[in-house]
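S.K.: The chain contents come next:
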Amino acid sequence: MIGHKEFDVVVIGGGHAGCEAAAAAARVGARTALVTQRKDTIGEMSCNPSIGGIGKGHLVREVDALGGLMGLAIDRGGIHFRMLNRRKGQAVWGPRAQADRDLYKAAIFELVGEIPNLEIIEDSALDVELEGSVVRGVRLGRETLTCSAAVITTGTFLRGRCYVGHESYEAGRHVRNSEIVEPPSNALAKLLEETLGLPLARLKTGTPPRLDGRTIDWDRCVVQPSEEPFAFSSYGPPASNPLIRCHRTATNPRTHEIVVANAHTLAAPSTTGVGPRYCPSLYKKVERFDRPSHGVWLEPEGLGTHVVYPNGLSGAFPLEVQRQIVASIRGLERAEILQAGYDVEYDFVDPRSLDHCLGVRAAPGLYLAGQICGTTGYEEAAALGVIAGANAGLSALGRDRFVLSRRDGYAGVLVDDLVSRGTREPYRMFTSRAEYRLSLRADNADLRLTPRAFEVGLVGDDRAEACARRQRCVDDGLRRLDRLRFRAADWYRHVPFAPDDDRTGKKAARGVVKSAAEMLAMPNADLASVERAANTLSDDDQGGVVAAEARDTVAAVCKYRAYLDRFDKEFDVYRRNEQLFLPPDLDYDPKALPALSAEELEKLRAHRPKTFADASNIAGITPASLVYLYNHVVTRTPPRRRRKQHHNG
Amino acid sequence: MGAVRRAWRMSSSSSLSSSSDTIFALSSGRGVAGVAVVRISGPGAVGALEALTPGCRLPATRYAAVRRLRHQERVLDEALVLRFAGPASFTGEDVVELHCHGGPATVDGVLSALSQLPRLRPAERGEFTRRAFAAGKLGVTQVEGLADLLAASTSRQRDQALRVMDGALEREYGAWRSELAGIRAAAEAAIDFGDEMEGEVDAAATLGPLEARARRLRRALARALGVADRCQAVRDGARVVLAGPPNAGKSSLVNLLAARPAAIVSDVAGTTRDVLEVRLNLAGFEVKLYDTAGIRDAADGLEAEGIRRAREACDAAHLVCYVIDAGNYYWGTDFLSPQNNNNNNNNNKLDLVVLNKVDLIEDNDAMSTILSRLRTDLGTDLPIVTTTAIQPDGADALLAAIETHLVDRWDAADHDDAPTVVRERHRRHVQACLDALDSALLQSEPELFAEDLRLATLEIGKLVGAIDVEDVLDSLFRDFCIGK
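Here the protein sequences come in this chain order: C and X.
Counting from 76, one number per residue, gives the positions in the first sequence under the working numbering.
Counting from 29, one number per residue, gives the positions in the second sequence under the working numbering.
Pulled out of the complex, with its shape left as it was, chain C reads as follows (with noise of 0.2 Å):
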């Protein structure tokens, strides 16, 4: 008996932060238990079917590479895909699919099922047992569990609350396609308050009613076909399900005069809660905007059911004026609602109280992931879930913490932007966030990450060598692009975007040479015509210069070289100087420091780090300030001094 409670690392919650850091952590070797109320909903797709976007599909491609699941979830569950933002370059490039949500939450349960380690116990979490400070134990309804590490994942449950018009009642979510509500956390959120001393804040999200498909006119509707579908795992095929189509409509000057004559209907949380700015309710948006029309877009929830997600129709009014609403807009006339879109508002815990592992700082062991952090999204919690389990099961087996910083991907800038600004509203990714946003593509996700979570043990071997092959088929690549080299006169007659400028045509006659790769650097360019050129004008046929699965990140690079070099110039010189000393009678003063912000002066002060790399772990201080501070301190002291001090250190 004693045998079954006993483990390294407890993860509280079966939603996506909760699945993969349960993952994770057993990945890395620790005896896990992932504890939820309910085995069916491990998996769920609580708010919209979809995966991925701008930034967001970035996430889920760095927690793939990480090992995690929901890359591979998608690519079982994905049955509508689309690239957003394919006309412009890479970086920004955001793959995004709608997922057959039993199918998704199918696989999930299935890929969780396949981790030896992991063992998943349907209960409910009560408390985590400290000793002192410290985590010993998670008491469930049942039993107890032991374990030196607990992660929690519970999402919207923190004293959760659920507004329908005004009406209320305590619960984390509602369970779909039924009236069962699932009850809130608030053992916890009294744990995490009041014994830990935790500051904690509401916010607010809310999900729209879902329609019958059957009562939906979708000839006045525009069609949304799917894409071909693309794979969001480096490390298995794509999905190979029926593709389905999504529709858009919109609303009109007479669903806004609804919303305006209902606006009291809605309860307080509803009307000013801190919800997600980019994914504003009704409400908001025709109270904030004056325009006669916002978009909906109709998206089945899968292959085998009617039930339609109205994704842009969020708006907790009372059901009958929800019926209203729907009824107003083109398309959705007869169109009837299968469960009232609601409002959540729940606890969340201010992330400054967290490390760059997601640890509670004020109790080792503990680490949060997901919502509870202040996120909003299904692949912000599924990042944090990573980097919260892994550290939590490398904390307890005694081994070195694992952090990603913001150069290594947007899931350390993720974590770099809760734990050291916090947040005041729910927190979402955009590529905006990330300043190395060119180097941190979608592409290259598994060559950035696959080698680091293999040192620690998040992925296998077989992961480690299929990332190795695709680093050397795009070192290649980049190395033949390099050295096919004609003049620029002559790959301008067989490009079909030469540029007709004068400038570029009196270099080109002046009989300037390029190189296939400076070709790809130029606007518009692309790789197929540029290696067509290249075989064109090559004695010897070059066949495929770039393998097949090294071509867009060979492209990228390409394309966005010369600042790729200057992120790479600025970053190593600081790097190769991390070690470096400052100066201890450093002024730490806004005269002489003016592009550091008072914050940062001021931590700086109150730590007065000795090097370079000691400030950098100082939450709050910026790569940039360090650059800067860098700067600063070489431009200040003549180098011999220097030396001289980092020799006697």
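In case anyone wonders, no lab produced these hints; they're calculated from the structure.
Please note that the accuracy of each hint is not assured.
[Stated by the list, open to error] Here are some, though not all, of the chain C residues that point toward chain X, as calculated from beta-carbon distances under 10 Å:
| hint | residue |
| --- | --- |
| 1 | Asn160 |
| 2 | Val167 |
| 3 | Gly169 |
| 4 | Tyr353 |
| 5 | Phe505 |
| 6 | Thr506 |
| 7 | Tyr638 |
| 8 | Asp640 |
| 9 | Pro658 |
| 10 | Asp662 |
| 11 | Leu676 |
| 12 | Glu677 |
[What the hints assert, rightly or not] When the alpha-carbon atoms are kept at most 30 Å apart in a straight line, the in silico BS3-like pairs for lysine-lysine are as follows:
| hint | chain 1 | residue 1 | chain 2 | residue 2 |
| --- | --- | --- | --- | --- |
| 13 | C | Lys666 | X | Lys165 |
| 14 | X | Lys165 | C | Lys678 |
| 15 | C | Lys666 | C | Lys678 |
| 16 | X | Lys316 | C | Lys666 |
| 17 | C | Lys644 | C | Lys678 |
[To be verified] Computed far set for chain C versus chain X, every beta-carbon distance over 10 Å:
| hint | residue |
| --- | --- |
| 18 | Ser121 |
| 19 | His339 |
| 20 | Leu413 |
Beta carbons: idealized from backbone N, C-alpha and C, even for Gly.
Given the coordinates of chain C, work out where chain X should sit on it, guided by the hints.
M.R.: For chain X alone, kept in the frame of chain C given last:
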């Protein structure tokens, strides 16, 4: 690592300026003066005032009151006291000012009494300003303006520093900054939401108007750089160089202008081997007048070095005055000769010709001959002034000419009065920002356009403090309806 950091914190705790301390300092200059102002800032400021004025009512905030300052039963002074309640004060904290009598004994008595109060300590250098900055009371450039004001020695320096401290740069840069954030937000919106936003925004359609905005901003930056020269000259002083062949009397002129023996003067050619600097106040400009080594071809090692420095000084000068000996008319063969000057291929500009030692010219005819020869040699209508070092007012014409030159150059009506780019640091960042905008305007891909804007933003951030991505997102959410 953690241990290292902890150790540091402990070892530096004595000098660590925790903002919960209350600090005090003599805020007016040291030495005998009519009034000396002692400033106290921090949570204990009011308590300190109460301790020094036992039994007296606290003055209302922002009203002056006369109080007898006492310490341990002794009367220290009768002073005017002022109290400001935070955050409406210079530092954002509670502030007390004691306007004491200015004698050193009085001041020392007050300072020593304050230092004996619990949790009060003398302020570190610049600490009041630092606290004001930390409390968001002053922007970076305002802190710089304050520093400039404290160092100002001419009226123009003072005026400019006051305007900077008053936030002239902060406002100008702030406007650029918010425009840049706005452009960036629109570009980022096209990237992060282009395919999700209502009505599907086409990248090309988005970039067009943004490029127009970027071009407008670029023009504003270019205009600012156009007057950078003047603002920097006001702050750092106008550099005026006296150059010319050896023994033309440059050092004597400098001595006369400075009315003190600043340079060694002898009648052996080539005495001045270094560049000597004298500061003058002309028309409110601080003028740094440089006396340089006489320039000639044949020169020994040390003298050659002096000549090299003289050339450098000319390169960096705002105004080069070429001094020649009226009695020994000689242009030399060097780089400042009129022939070379006409080539215009370097910075060795010649702004003014000084015909020195005119006392040696016997009569007006001889003078006319020399002047016309000089005019012919010059081949331009460059101003010529005549000077002599043997009369006290012998160099007044030179002074007047320098003054006219500075005023003409930097006081013209088309100059907007507002300072824009005061320090070299400002110029560097504005230039880098402008370069980034130029690069952005060449891009056809939105993410590269945005990348260049990000770099431009970093540069502006270095001027006024970092721009957070949240600023960009705020602007984005204010202006765009994100649908899905």
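S.K.: All the hints need checking, so say for each whether the structure fits it.
M.R.: Against the structure, the hints:
The beta carbon of Asn160 of chain C is positioned within 10 Å of a beta carbon in chain X (closest approach about 6 Å), and the interface hint is therefore held. With 10 Å as the threshold, the beta carbon of Val167 of chain C comes within range of chain X, its nearest partner Cβ sitting at about 5 Å, so the hint holds. Below 10 Å, beta-carbon pairs count as interface contacts, and Gly169 of chain C has one with chain X at about 7 Å; its hint therefore holds. Given the 10 Å rule on beta carbons, the hint for Tyr353 of chain C holds: about 5 Å separates it from the nearest Cβ of chain X.
A least Cβ separation of about 5 Å between Phe505 of chain C and chain X falls short of the 10 Å threshold, and the interface hint therefore holds. Evaluation of the Thr506 of chain C hint against chain X yields a held restraint, the C-beta minimum of about 6 Å falling below 10 Å. Among the interface hints, the one on Tyr638 of chain C holds; its C-beta lies about 6 Å from the nearest C-beta in chain X, closer than the 10 Å criterion. Below 10 Å, beta-carbon pairs count as interface contacts, and Asp640 of chain C has none with chain X, the closest being about 13 Å; its hint is therefore violated.
Residue-level restraint check for Pro658 of chain C is violated (minimum Cβ-Cβ distance to chain X is 13 Å; threshold 10 Å). Taking 10 Å as the C-beta contact cut-off toward chain X, the hint placing Asp662 of chain C at the interface holds, the least distance being around 8 Å. With its C-beta approaching chain X no nearer than about 7 Å, Leu676 of chain C sits inside the 10 Å limit, and its interface hint holds. Look at Glu677 of chain C: its Cβ gets to within about 6 Å of chain X, closer than 10 Å, so that hint holds up.
Of the pairs offered as hints, the one joining Lys666 of chain C and Lys165 of chain X holds, with about 14 Å between alpha carbons and a cut-off of 30 Å not exceeded. Between Lys165 of chain X and Lys678 of chain C the CA atoms are separated by roughly 18 Å; this keeps the pair inside 30 Å, and the hint holds. With a C-alpha separation of about 16 Å, the suggested pair Lys666 of chain C and Lys678 of chain C falls inside the 30 Å cut-off, and the hint holds. As the CA atoms of Lys316 of chain X and Lys666 of chain C are separated by approximately 25 Å, the hinted pair is consistent with the 30 Å bound.
A C-alpha spacing of about 27 Å is found between Lys644 of chain C and Lys678 of chain C, which places the hinted pair at or below 30 Å, so the restraint holds. In this structure Ser121 of chain C is separated from chain X by more than 10 Å, as the shortest Cβ-Cβ distance comes to about 17 Å. Chain X leaves His339 of chain C outside its interface by the beta-carbon criterion, the shortest separation being 23 Å against a cut-off of 10 Å. No Cβ of chain X approaches the Cβ of Leu413 of chain C within 10 Å, the least distance being about 21 Å, so the stated non-interface status holds.
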